[in-house]
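There are 2 protein chains.
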Amino acid sequence: MNFLEERIIKDGVVKPGNVLKVDSFLNHQIDIDLYQKMGQEFKERFKNENINKILTIEASGIGIACVAAQYFNVPVVFAKKSHSINLDGDMYVAEVESFTHKTKNQVIVSKKFLGPEDHVLIIDDFLANGCALQGLISIVQQAGGSVEGIGIAIEKGFQNGGQIIRNLGYHLESLAIVDAMDDETGEITFR
Amino acid sequence: MNFLEERIIKDGVVKPGNVLKVDSFLNHQIDIDLYQKMGQEFKERFKNENINKILTIEASGIGIACVAAQYFNVPVVFAKKSHSINLDGDMYVAEVESFTHKTKNQVIVSKKFLGPEDHVLIIDDFLANGCALQGLISIVQQAGGSVEGIGIAIEKGFQNGGQIIRNLGYHLESLAIVDAMDDETGEITFR
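Residue numbers (our numbering), protein chains in the order written: chain A, 1 to 191; chain B, 1 to 191.
None of these hints come from the bench; they were simulated from the model.
It should be emphasised that the depicted structure is a prediction, and the values quoted were computed from it without experimental measurement.
It is possible that part of the hints are untrue.
Identical copies look the same in the list; a pair holds intra-copy or inter-copy alike.
Derived pair list, reagent style PhoX-like, types lysine-lysine, alpha-carbon separation capped at 20 Å [unchecked claim]:
1. K15 - K47
2. K81 - K47
3. K104 - K81
4. K112 - K21
5. K47 - K21
6. K81 - K112
7. K43 - K21
8. K104 - K47
9. K47 - K111
10. K111 - K15
11. K37 - K15
12. K10 - K21
13. K37 - K47
14. K112 - K10
15. K81 - K37
16. K112 - K15
17. K37 - K10
All chains should be built: construct the whole structure from the sequences, respecting the hints.
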C-alpha cells in the first residue's frame with residue numbers, strides 16, 4: 001500500500017452513491033507535504049517521458065499540477081470550465097460532462113498556450129468515467145501536441161474511464177486505484 | 001520595480017475595460033518559478049505573523065496558495081464558488097460578486113476546515129473591488145478565526161478594494177499595485 005492509499009484509508013470517507021470524500025487532505029483542505037510526495041511520484045513514474053508542459057483542469061487539479069511541475073521544471077496550463085470574458089482570441093474547446101455535478105461544461109484552453117511543439121503530461125485529481133480527461137486529450141490533439149502521460153491521484157477502478165484510456169494506448173498512472181468501496185462498512189479495496 | 005512588476009511589463013497585456021491580461025504566466029499558463037518567487041516573497045512579508053493555514057478561492061488562487069504554502073509549512077483550504085453535491089455537512093457561506101464575470105457566487109468552506117484556532121493568511125491572484133476577498137474575510141470571521149494577513153499578486157489600485165481592506169486595518173500585501181493602465185499605449189503605472 002503506497003502513501004496515498006494509506007492516507008485514503010486513514011482520512012477518506014465513503015459516502016452513498018460511490019462518493020469518496022478526500023476533502024480533508026486532497027481537494028478542499030490540502031496537505032502540501034502529500035502534494036509534494038505525489039509530485040515526486042509522478043516524476044518517478046514519468047521519468048522516461050519527454051515532457052515540456054503540464055495540462056490540468058480547474059479547480060482541484062491546479063494545486064496538484066503546480067506542485068508537481070516543480071519536479072518537472074515545466075510550466076502548467078490549466079483548462080477553464082466555462083467561457084470567461086478575460087479569455088479572448090482563439091481557443092481550443094471540448095465539451096465534457098461532470099459525473100459529480102451532473103452538468104455539461106465547455107473545457108477551454110487558449111491556442112496561445114498549446115501547440116504542435118508540446119509534449120504534455122495531463123494531471124488531475126480524480127478519474128471516474130473519464131469525461132474531463134477525454135476533453136483534455138481532445139484539446140491536446142486539437143493543438144497538434146502529444147500526450148506523453150496522464151497522472152491521476154485517485155482512479156475509481158469500478159468505473160470505466162481508466163480502462164478506456166488504457167485501451168487507447170495512453171500511459172496512464174493513477175497513484176491509487178479504488179476497485180471497490182462500501183459506504184456501510186467504510187471499507188475501501190485498492191487494485 | 002520588483003520581479004512581478006517586471007514580468008507584468010514584459011508579458012502583461014492591457015485591454016479595454018481596465019482588463020490586465022496576465023494569462024501567459026499567472027492565471028492560465030503558469031510560470032512555476034514565478035510562483036515560487038511569489039511564495040518566498042509572501043513568506044518574507046508575513047514572516048512576523050503567526051500563520052497556521054492559508055485560505056484561497058478557486059480557481060486561480062489555488063496554485064499560488066499551494067506553492068506559497070511550502071514556504072509556510074501549513075495546509076491550504078480553498079473556498080469553492082458554487083454548491084457542490086460533494087460538499088455535505090455544515091458550511092460557511094458568503095455571497096460575492098465577480099467583477100470579471102458579472103455574476104454572483106456563493107463562496108463556501110466546510111466548517112471542518114476552519115475554526116477559532118486558525119490564524120489565516122488569505123492569498124489570491126487579483127484584488128480589484130475586493131468582493132471575493134470580503135467573502136473570504138467573512139468566512140474566517142464566521143469560523144471565529146483571525147485574518148493574520150492578506151497576500152495578493154496584483155492589486156488594481158485604481159479600484160477601491162485595497163483601500164477598503166487597509167482602512168479596515170488588515171495587513172494587506174500586494175506584490176504589484178497597478179495605479180493606472182492605458183489600453184491604447186499599453187502603458188502600466190505601478191504605485
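Hint-by-hint comparison with the structure:
In this homomeric assembly, K15 and K47 never come within 20 Å of each other (Cα to Cα): the closest approach is 36 Å inside a single copy and 41 Å across copies. Taking the shortest Cα distances, K81 and K47 never come within 20 Å of each other, neither inside one copy (30 Å) nor across copies (36 Å). With identical chains, the CA atoms of K104 and K81 are at most 20 Å apart both within one copy (9 Å) and between copies (17 Å). Taking CA atoms no more than 20 Å apart as the test, K112 paired with K21 passes between copies only; the shortest distance there is 13 Å, against 36 Å inside one copy.
For the identical chains of this complex, K47 and K21 are neighbours neither inside a copy (30 Å) nor across copies (34 Å), given an alpha-carbon limit of 20 Å. Taking the shortest alpha-carbon separations for K81 and K112, only the intra-copy value of 17 Å comes in at or below 20 Å, while the best inter-copy value is 27 Å. Taking the shortest Cα distances, K43 and K21 never come within 20 Å of each other, neither inside one copy (26 Å) nor across copies (31 Å). Taking the closest pair of Cα atoms, K104 and K47 never come within 20 Å of each other, the shortest separation being 35 Å inside a single copy and 44 Å across copies.
Taking identical chains as interchangeable, the C-alpha atoms of K47 and K111 are never at most 20 Å apart, the minima being 27 Å within one chain and 40 Å between chains. Taking identical chains as interchangeable, the C-alpha atoms of K111 and K15 lie at most 20 Å apart only when they sit on different chains, with a minimum of 18 Å there against 39 Å within one chain. For a Cα distance limit of 20 Å, the shortest separation of K37 from K15 qualifies neither inside one copy, at 26 Å, nor across copies, at 40 Å. For the identical chains of this complex, K10 and K21 are intra-copy neighbours only, at 12 Å inside a copy versus 42 Å across copies, given an alpha-carbon limit of 20 Å.
Taking identical chains as interchangeable, the C-alpha atoms of K37 and K47 lie at most 20 Å apart only when both belong to the same chain, with a minimum of 15 Å there against 26 Å between chains. For a Cα distance limit of 20 Å, the shortest separation of K112 from K10 across copies, 16 Å, qualifies, whereas the shortest one inside one copy, 42 Å, does not. For a Cα distance limit of 20 Å, the shortest separation of K81 from K37 qualifies neither inside one copy, at 27 Å, nor across copies, at 28 Å. Taking the closest pair of Cα atoms, K112 and K15 come within 20 Å of each other only across two copies (17 Å); inside a single copy the shortest separation is 41 Å, beyond that limit.
Taking CA atoms no more than 20 Å apart as the test, K37 paired with K10 passes inside one copy only; the shortest distance there is 17 Å, against 34 Å between copies.
Of the numbered hints listed earlier, those contradicted by the structure are 1, 2, 5, 7, 8, 9, 11, 15.
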